[in-house]
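**Q** If you want the building blocks of each chain, they are given just below.
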Amino acid sequence: MEELILELKEQIIEVLNLEELTPEDIDPKAPLFGAGGLGLDSIDALELIVLLEKRYGIRLASAAEGKSIFTSVENIAQYVSQNRKK
Amino acid sequence: MAAIIADNIMSPLGSSSGANYQAVKAGKTALRLHNHEFNLPFPFTAALFSEEQKEEFTINGLTLFESLAVTSIRKALESCQIPMDNRTCLVISSTKQNISLLNIEGNPPENVLYPGHSAERIAQNVGITTTPIIVCNACISGVSALILGNRLIEMQEYDYVIVCGIDLQSPFIISGFHSLKALSETPCRPFDLERTGLNLGEAAATVILGKGNLTDKWHIAGAAIRNDAYHVSSPAPKADGCLMALEAVMKEQDACKLSVINAHGTATLYNDQMEARGICRAGLSNIPVNALKGYYGHTMGAAGILETLITLHAAEDNTIVGTKGYEELGVSGNLNIVRNNTTTAKKDFVKLISGFGGCNAAVLLTPCAPLGRENGQEIEAQHQVTITPQSVQIDNKMIDTGQLRGKALLTYLYKTYIQDYPKFYKMDALARLGFIATELLIRKERGAKGEEQGARGKRAVIFFGQSSSINADKEFLASIADPENFFPSPASFVYTLPNIVNGEVAIRNDFHGETSFYILPRKDDDIMRMVTQATMLDNYHKSIITGWLDYKSEEDYCAELRVYNVITK
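Protein chains in written order, with numbering that gives the first Met the number 0: chain A, 0 to 85; chain B, 0 to 568.
Any given hint could be a false lead.
Claimed, not checked - Distance condition first, Cα-Cα at most 25 Å in a straight line; then the derived SDA-like pairs of lysine to any residue: (1) A:LYS85 <-> A:GLY56; (2) B:LYS422 <-> A:GLU46; (3) A:LYS53 <-> B:PHE486; (4) B:LYS250 <-> B:GLU326; (5) B:LYS406 <-> A:LYS28; (6) A:LYS28 <-> B:TYR424; (7) B:LYS24 <-> B:LEU328; (8) B:LYS473 <-> B:SER99; (9) B:LYS422 <-> B:LYS551; (10) B:LYS522 <-> B:LEU100; (11) B:LYS422 <-> A:ARG83; (12) B:LYS237 <-> A:SER41; (13) A:LYS53 <-> B:ALA480; (14) A:LYS66 <-> B:LYS473; (15) A:LYS66 <-> B:LEU268; (16) B:LYS422 <-> A:LEU17; (17) B:LYS422 <-> A:ALA34; (18) B:LYS422 <-> B:THR385; (19) B:LYS422 <-> A:GLY56; (20) B:LYS74 <-> B:ASN85.
Claimed, not checked - In silico negatives: residues of chain B with every beta carbon more than 12 Å from chain A: (21) THR214; (22) ASP215; (23) PRO287; (24) THR318; (25) GLU559.
As the list claims (entries may be wrong) - Chain B is nowhere near these chain A residues, computed Cβ spacing over 10 Å in every case: (26) MET0; (27) GLU2; (28) LEU5; (29) GLN10; (30) GLU18; (31) LYS28; (32) GLY36; (33) GLU52; (34) LYS53; (35) ALA62; (36) THR70; (37) GLN77; (38) SER80; (39) ARG83; (40) LYS84.
Everything labelled a hint here was simulated from the structure, so no lab data went into it. Quick reminder that beta carbons are idealized off the backbone N, C-alpha and C, glycines included.
For reference, chain B alone in the conformation it holds in the complex (with noise of 0.2 Å):
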């Protein structure tokens, strides 16, 4: 078991996490107007650090984004002694990391922009020594990175994990939520009847996980993490993973010792009505209910942390933060959504959380130690593909490609052994690979005997890359490059998130299980085989797809994928 052991928040409200709370406790917002911020052609509201704010945390030689996080986490260290040794690990929560650096013209080098080599540089500066973990889930990435440091101590890999979630502002990210009609030109308005859309937001937020049962500290008592199967970029209307990461998390939980659900509240229309019905379904609509986008916007990789760090300040001062902006109940069904600072005794409570890829992420935190959890699951692989520029193989088996490399050799593929889902052709590159990889996995998988029939919905999907979604980044920025040109496409700007390519192998296979994407500086089969058993931590899935998935280019692309069956000892 893992207890938090110090947190810090940086926003642009404060720099620690009890200036945070003490901030949002007195009511206060961090959203501005901004006119010709970015040089946009359109103003926007967010909660964006000043320039002066910038210039504290700015740190030689480190990017703005590895500054802030290496300041975050200083600041988290300065309340305990930890070991920097083999037994302390870095997991960072991002979805667009250094994005403000790519530009069209000369590329920054490698080393740079990618994000697991920014977190080697965070993590060298803070003393740590073992290979850092970014978790990039889109909007759930906070609670998954939760999940994983939680996960990683309770299977004893390491003692302590600092799990860092952070995202700045930059035209890439505004224009393409622009062009989503996803931002309100207003503060926002979780779950009101006037709301219009989300406002973008910075922050970082760092937890400091230790082992132990502590008596005296707060741990994450359940943790679910379930796909909707549904869209990639909306939320399912019934709320199905939503629904399903809730009732995992509340299984071994007294809902009245609940004191708070702290929802992911985007103010979008679609996202409060899909997270009402999710928790009304649960049957925990009598449940208090708040949202805290009203106070720093969107803060992206940094909201699931950031916002549990809040409520959890919130409760232990027996509070439940108002829903800044919210007035007018506008979701469907009898929601109790908290609108002023209310007392509560109660402790318990409940993040939930969704992003795009149809990933949705709940997680119970308690002040009690709980009990530990036996996991009697270990995994068997079945099948292998791997799929590179120049030959494609199943089972270790070379198959005819008809001499085609490339691109082409992706088009082909589908062509000849898929040929029903003309999705492919709108998906980018990277989603492309995983998708045809995934469907000759499960094509050899069908053909084989043993099968196990109505268990295939309980699949994981966990990949791991180095590149991100680069590629799809590059064809975004070519949409906004030009100011005389300036029409950020939609299409290319939902797959900037690599974890698309998971959602669209669970839709077209209808698997509502774990869906994560993982970062590393570099391909390691240990790192992604501890990260794949700790999954197995979750003791619901009943299969896993995972593997190894990068897309730098049409001439360096590699999917080296697996499906194991989960064996129950």
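Next comes chain A alone, as it looks inside the complex (with noise of 0.2 Å):
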């Protein structure tokens, strides 16, 4: 799980180009959305689930659903884990 986290966390550092942050910055419980976390906006939340399919072959129907598993960095692993078909 460690190792999907880390490798999640370089992920989304390069697709939302967040050039100023290194994985370490990112505290896999901390909220990805909203004030507290990393502020990422509506935009993101899709390119996310661009990731997921493109990456792990998982396919979110509508924003809607990205936003239960969008919640922290260790739930998207989590998600990933049990979801993925590549």
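Using the hints, build the complex out of the two chains.
**A** See the structure below:
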């Protein structure tokens, strides 16, 4: 799981252009959206949906479905490990 | 004052305004389910021209986009005689022009791809000799173009302005909206409880505006463009920009005279809710509201003109067209959505529209001749910033750039002078360039004496460019070019509209004034000055940031922006 969490952090930094961050800066339990987290927005959520499909073969039908998954990096890792198709 | 002296609509529903209005009145829709169209790996519902229709309007030597525009303009010209001299101008409204020609292997030559050159070919084919202007303001482009045309006549720059709104669909656009999860697989349902998204459409719509207060013609009696300053692709939840635009056009209008507000009504969850909020906040919830996307889908650059024309022809027929797809109210507020065609004795109406980049526009149309307006405003240059890959100048003074060039130069400027806005890294190159240039301008302004406190919200941001969003277009295309690796990027797609940079600047600075992006065949100081002056006819703005903003590549970009204060005479 630790390996997957690191991989996800690196992927998130790359696809969301978080150029000033390193994986160490992201707390795996911290919220990704809203105040107190990485401050991601709705387009970032859509980009994360693309990341899940491209990298792990997981297809989400709607942005609303992503909302419950993209709460923290740890939560995404959990979901990916249970649902990944590649 | 300008009057509408002729018009045309070319859509899958017909080749004249009359045929289109009759089709809509009869409840016909151009929306169809398409499987495997454009080789896309998903089905979609859209209003597309048939192959036979395309063949009919194709003109040798022109692209399909240009052919459709020329055909629509020629048809509009059939019913009026106007001189094709230096007093007649062409304004094109389009979001993606010839984008279907862009390919990943070998790009077509600039003279095919750049919107300004395409507009010149359209102008030449209909006999127009003056330089055309392209309005590229996302979904509000059509209404923006009508507003510009009206202002240019009001300023007596031209006697006639031909305004043509046009967009055709392509895998580029459809996969982009698909990646934003904005498309409904079934026919769209504006303002309905069950609405799930929008459908895309193709059309061209032309309005010929002529000078003079003509008692038997329609006029634009009120016009405003305002920015939410909230988000580049999500409308403001409290409908700030929409409300401001509505309030501006209703300032001197008796609401009792309004027959209908023709809304944007895309049938996405957020747009329709936002418009409902804006209409209610403006105190207009008792006015009938309709939307036409159930007949045509979202025709993008054509939408503002096409929907204005259908509403206008309906008003002449004492009718408010029903909102196809609407059954049960699915937005907050006690909105009066017109479900079926109804009769009305009133004529005046408001066309409302909003788009990416946070822009909102409203126009008030009336068949009566409105009073002329006094424009007692002039602009006074304050500061200037110029950025090229080689150098940076503020008020003609070179600043040290640490020997950096190209893209690295912009990052260096951000890290040296700004630092506190990490969203910078998410922007595409054009937005980065515009953002940095305006930041440097505003820093200079803050350092100078005489800044008018509290008026910065009333600031317009008007940019001009040549290559539109070409750099972002290529980046997005790379995400869909390989069918085996087809993952359209929503973040890249959003930036394939050049006016997103205006939105970024508005958000950063809380500017709520007009935000517009115009494309010209080449840099032309006279046209830029004229269009900037036209913006002042709004009589709202206290200041304006404007100038040339173009990003072709890392080696070829230019921002030459100025901030002006508006002086009331």
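**Q** Could you run down the list of hints and mark each one as holding or not?
**A** The hints, checked one at a time:
1. This hinted pair checks out: LYS85 of chain A and GLY56 of chain A have alpha carbons roughly 6 Å apart, not beyond 25 Å.
2. The straight-line distance between the Cα atoms of LYS422 of chain B and GLU46 of chain A is roughly 15 Å, inside the 25 Å bound, and the hint therefore holds.
3. Between LYS53 of chain A and PHE486 of chain B the CA atoms are separated by roughly 7 Å; this keeps the pair inside 25 Å, and the hint holds.
4. Simply put, LYS250 of chain B and GLU326 of chain B have alpha-carbon atoms about 32 Å apart, too far for the 25 Å limit, and the pair is violated.
5. Distance restraint check for LYS406 of chain B and LYS28 of chain A: the Cα-Cα separation of roughly 35 Å exceeds the 25 Å cut-off, and the hinted pair is therefore not satisfied.
6. About 24 Å separates the Cα atoms of LYS28 of chain A and TYR424 of chain B, which keeps this hinted pair within 25 Å; it holds.
7. Restraint check for LYS24 of chain B and LEU328 of chain B: satisfied, since their Cα atoms lie roughly 22 Å apart, inside the 25 Å limit.
8. Distance hint between LYS473 of chain B and SER99 of chain B is fulfilled; the C-alpha atoms sit about 12 Å from each other, no more than 25 Å.
9. Straight-line distance between C-alpha atoms of LYS422 of chain B and LYS551 of chain B comes to about 22 Å, which keeps the hinted pair within the 25 Å bound.
10. As the CA atoms of LYS522 of chain B and LEU100 of chain B are separated by approximately 24 Å, the hinted pair is consistent with the 25 Å bound.
11. Taking the CA atoms of LYS422 of chain B and ARG83 of chain A, the gap is near 30 Å; set against the 25 Å cutoff, the hint is violated.
12. Between LYS237 of chain B and SER41 of chain A the CA atoms are separated by roughly 17 Å; this keeps the pair inside 25 Å, and the hint holds.
13. Annotation: proposed proximity of LYS53 of chain A to ALA480 of chain B holds, straight-line Cα distance about 15 Å (limit 25 Å).
14. Between LYS66 of chain A and LYS473 of chain B, the direct Cα distance comes to roughly 30 Å. Violation of the 25 Å bound is thereby established for this hinted pair.
15. Between LYS66 of chain A and LEU268 of chain B the alpha-carbon distance is near 16 Å, which keeps this suggested pair within the 25 Å criterion.
16. A threshold of 25 Å between alpha carbons decides the hint, and for LYS422 of chain B with LEU17 of chain A the separation of about 8 Å falls inside it, so the pair holds.
17. Taken as a hint, the LYS422 of chain B and ALA34 of chain A pair is honoured in the structure, with Cα atoms around 15 Å apart against an allowance of 25 Å.
18. A C-alpha spacing of about 22 Å is found between LYS422 of chain B and THR385 of chain B, which places the hinted pair at or below 25 Å, so the restraint holds.
19. Only pairs whose Cα atoms come within 25 Å are accepted, and LYS422 of chain B paired with GLY56 of chain A is rejected, the gap being roughly 28 Å.
20. Distance check on the hinted pair: LYS74 of chain B and ASN85 of chain B sit about 21 Å apart at the alpha-carbon level, within 25 Å; holds.
21. Residue placement check: THR214 of chain B keeps its beta carbon more than 12 Å from all beta carbons of chain A (closest about 49 Å).
22. No Cβ of chain A comes within 12 Å of the Cβ of ASP215 of chain B; the nearest lies about 48 Å off, and the non-interface call holds.
23. For PRO287 of chain B, the non-interface assignment is confirmed: its Cβ lies about 32 Å from the closest Cβ of chain A, beyond the 12 Å cut-off.
24. The Cβ of THR318 of chain B sits about 37 Å from the closest Cβ of chain A, beyond the 12 Å cut-off, so the non-interface label holds.
25. With 12 Å as the threshold on Cβ separation, the claim that GLU559 of chain B sits away from chain A holds: the shortest Cβ distance comes to roughly 27 Å.
26. Even its closest Cβ contact with chain B, about 25 Å, leaves MET0 of chain A beyond 10 Å, as expected for a residue assigned away from the interface.
27. Every CB of chain B lies more than 10 Å from the CB of GLU2 of chain A, the least distance being 23 Å, so the non-interface label holds.
28. Interface exclusion of LEU5 of chain A from chain B stands, the closest Cβ pair being 21 Å apart, more than 10 Å.
29. Residue-level check passed: GLN10 of chain A sits 13 Å from the nearest beta carbon of chain B, beyond 10 Å.
30. Distance check for GLU18 of chain A against chain B: the nearest CB is about 4 Å away, which does not clear 10 Å, and the non-interface claim fails.
31. The claim that LYS28 of chain A lies off the interface holds: its Cβ sits roughly 21 Å from the closest Cβ of chain B, which is beyond the 10 Å cut-off.
32. Every Cβ of chain B is farther than 10 Å from the Cβ of GLY36 of chain A; the closest lies at roughly 13 Å, confirming the non-interface assignment.
33. Not every Cβ of chain B is farther than 10 Å from the Cβ of GLU52 of chain A; the closest lies at roughly 7 Å, contradicting the non-interface assignment.
34. Listed as a non-interface residue, LYS53 of chain A fails to keep its Cβ farther than 10 Å from every Cβ of chain B; the least gap is roughly 5 Å.
35. The non-interface label for ALA62 of chain A is inconsistent with chain B: the shortest C-beta to C-beta separation is roughly 5 Å, within 10 Å.
36. Non-interface status of THR70 of chain A relative to chain B is upheld: no Cβ of that chain comes within 10 Å, the nearest being about 19 Å off.
37. In this structure GLN77 of chain A is separated from chain B by more than 10 Å, as the shortest Cβ-Cβ distance comes to about 23 Å.
38. Consistency note on SER80 of chain A: stated as away from chain B, and its beta-carbon is indeed over 10 Å from all of that chain's, at 21 Å minimum.
39. Annotated as non-interface, ARG83 of chain A keeps its C-beta farther than 10 Å from every C-beta of chain B; the closest such distance is 16 Å.
40. Every C-beta of chain B lies more than 10 Å from that of LYS84 of chain A, the closest at about 15 Å, which supports listing it as non-interface.
The structure is inconsistent with the numbered hints 4, 5, 11, 14, 19, 30, 33, 34, 35, although it conforms to all the rest.
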